[in-house]
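S.K.: Chain residues, written in single-letter form:
There are 2 protein chains.
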Amino acid sequence: MPQGQPAVVPDDGLTTRQRRNRPLVLVHTGPGKGKSTAAFGLALRAWNQGWPVGVFQFVKSAKWRVGEENALRVLGASGEGGSVAWHKMGEGWSWIQRPAGADESGQESNEAKAREGWEQVKRDLAAETYRLYVLDEFTYPMHWGWIDTDEVVSVLRERPGMQHVVITGRNAPEPLRDHADLVTEMAKVRHPMDSGQKGQRGIEW
Amino acid sequence: MPQGQPAVVPDDGLTTRQRRNRPLVLVHTGPGKGKSTAAFGLALRAWNQGWPVGVFQFVKSAKWRVGEENALRVLGASGEGGSVAWHKMGEGWSWIQRPAGADESGQESNEAKAREGWEQVKRDLAAETYRLYVLDEFTYPMHWGWIDTDEVVSVLRERPGMQHVVITGRNAPEPLRDHADLVTEMAKVRHPMDSGQKGQRGIEW
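Order-wise, the sequence lines are chains H and P.
Each residue of the first sequence is one higher than the last, beginning at 1 in full-length UniProt numbering.
Each residue of the second sequence is one higher than the last, beginning at 1 in full-length UniProt numbering.
One thing to keep in mind: the hints can contain errors.
Listed next, the stretches of chain H that the computed footprint assigns to chain P, with coverage defined by at least 3 CB atoms under 8 angstroms from CB atoms of chain P [said to hold, decoys possible]:
{"no.": "1", "segment": "37-50"}
{"no.": "2", "segment": "153-162"}
{"no.": "3", "segment": "173-184"}
Since the hints were made in silico from the structure, they are not lab data.
None of these values were measured; they are calculated from a predicted model.
All C-beta atoms in this analysis are idealised placements derived from N, C-alpha and C, irrespective of residue type, glycine included.
Same shape as in the complex, but just chain H:
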């Protein structure tokens, strides 16, 4: 049920309003479904508030967010709500200019691409470009050691203004969990694939 009451009122000298409007770091992790889906659901709320939303997809998986991407593009262009910028690693980050005719495949390692994405997130956080950041599957480059988790936590801690950040993916590193305001663990209780069911259109992508 929606409305909750805080379990404790902290002795931090802040008013309820100040505590209420606080930039949050949210982590959706665990082996179950719904980590990214719930992050894109949050993007709907942000859009509805008129906030600029930035999505950064950190894992190359062409078809897997096509529904969310199309929907958010239509919303961003609707003239209502906030703007939406969608960046993905798999097709080259949108801010990187490639020479015409250049073949992207094999030109740059996935590790370098993930790092370049993170560099852009840092620039956008410093410039306060967005009000909600969806860093989709961003736990993996941290888990794989491509991006330093301590640096991520430090950048998040120092970010200016009212910028909310949602990070999704399995195996969220411990320092990130410790820093987050909200960690939700999606557990798989039963999954169709357990009984031989494969992913299907409209449900899995």
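Since chain H is already given, all that's left is putting chain P on it; use the hints.
M.R.: Quick look at chain P alone, frame taken from chain H:
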């Protein structure tokens, strides 16, 4: 990471394609965040497939889905993707005609309203009105004994065609979990309210 392989290939005589395109019952339950949010994320995928989507909100909570509702209304009216019909209990189900000037409050119990919503879901399932049903917070009327869980399972089992149903809310009854193709349990690892943080605009609604 996105693509998965089935753990077992069932001996059911179906082809992969037949197994792939199967109407699913999905349940998002548990005490954590993201149950409904992930269901609305699924609605984006369904919309993107051009499917008619029906949302039924079973708990009266005026402000709590306003972001998702506005976004899905804009998408449904965009001329791209599928249609979206949004029904909610709190403002009277949309198909019920009330006499002009009638005051809804106290006229009908919440229990009766929840039952009326379920009757409409049954009619829509029989008519194959939608391809994806979001029965938001529908576990509560079952948990409270307002709607018979065995009847729900029986209606879901007998539903015709290719209709996917997502049911959200805490305390999903056991027979529903047993029947579902996918059960995801959202666990709360850490929540801002634990440290006195209240819900805020754009994040919680």
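S.K.: Could you run down the list of hints and mark each one as holding or not?
M.R.: The hints, checked one at a time:
Figure legend: the segment 37-50 of chain H, annotated as covered by chain P; annotation consistent (12 residues with Cβ-Cβ distances under 8 angstroms, at least 3 required). Only residues whose C-beta sits within less than 8 angstroms of a C-beta in chain P count toward coverage, and the segment 153-162 of chain H has 0 of them, not enough to reach three; the restraint is violated. Proximity of the segment 173-184 of chain H to chain P, defined as three or more residues with a beta carbon under 8 angstroms from a beta carbon of that chain, is established by the 6 residues found.
When each numbered hint is compared with the structure, a violation occurs for hint 2 only.
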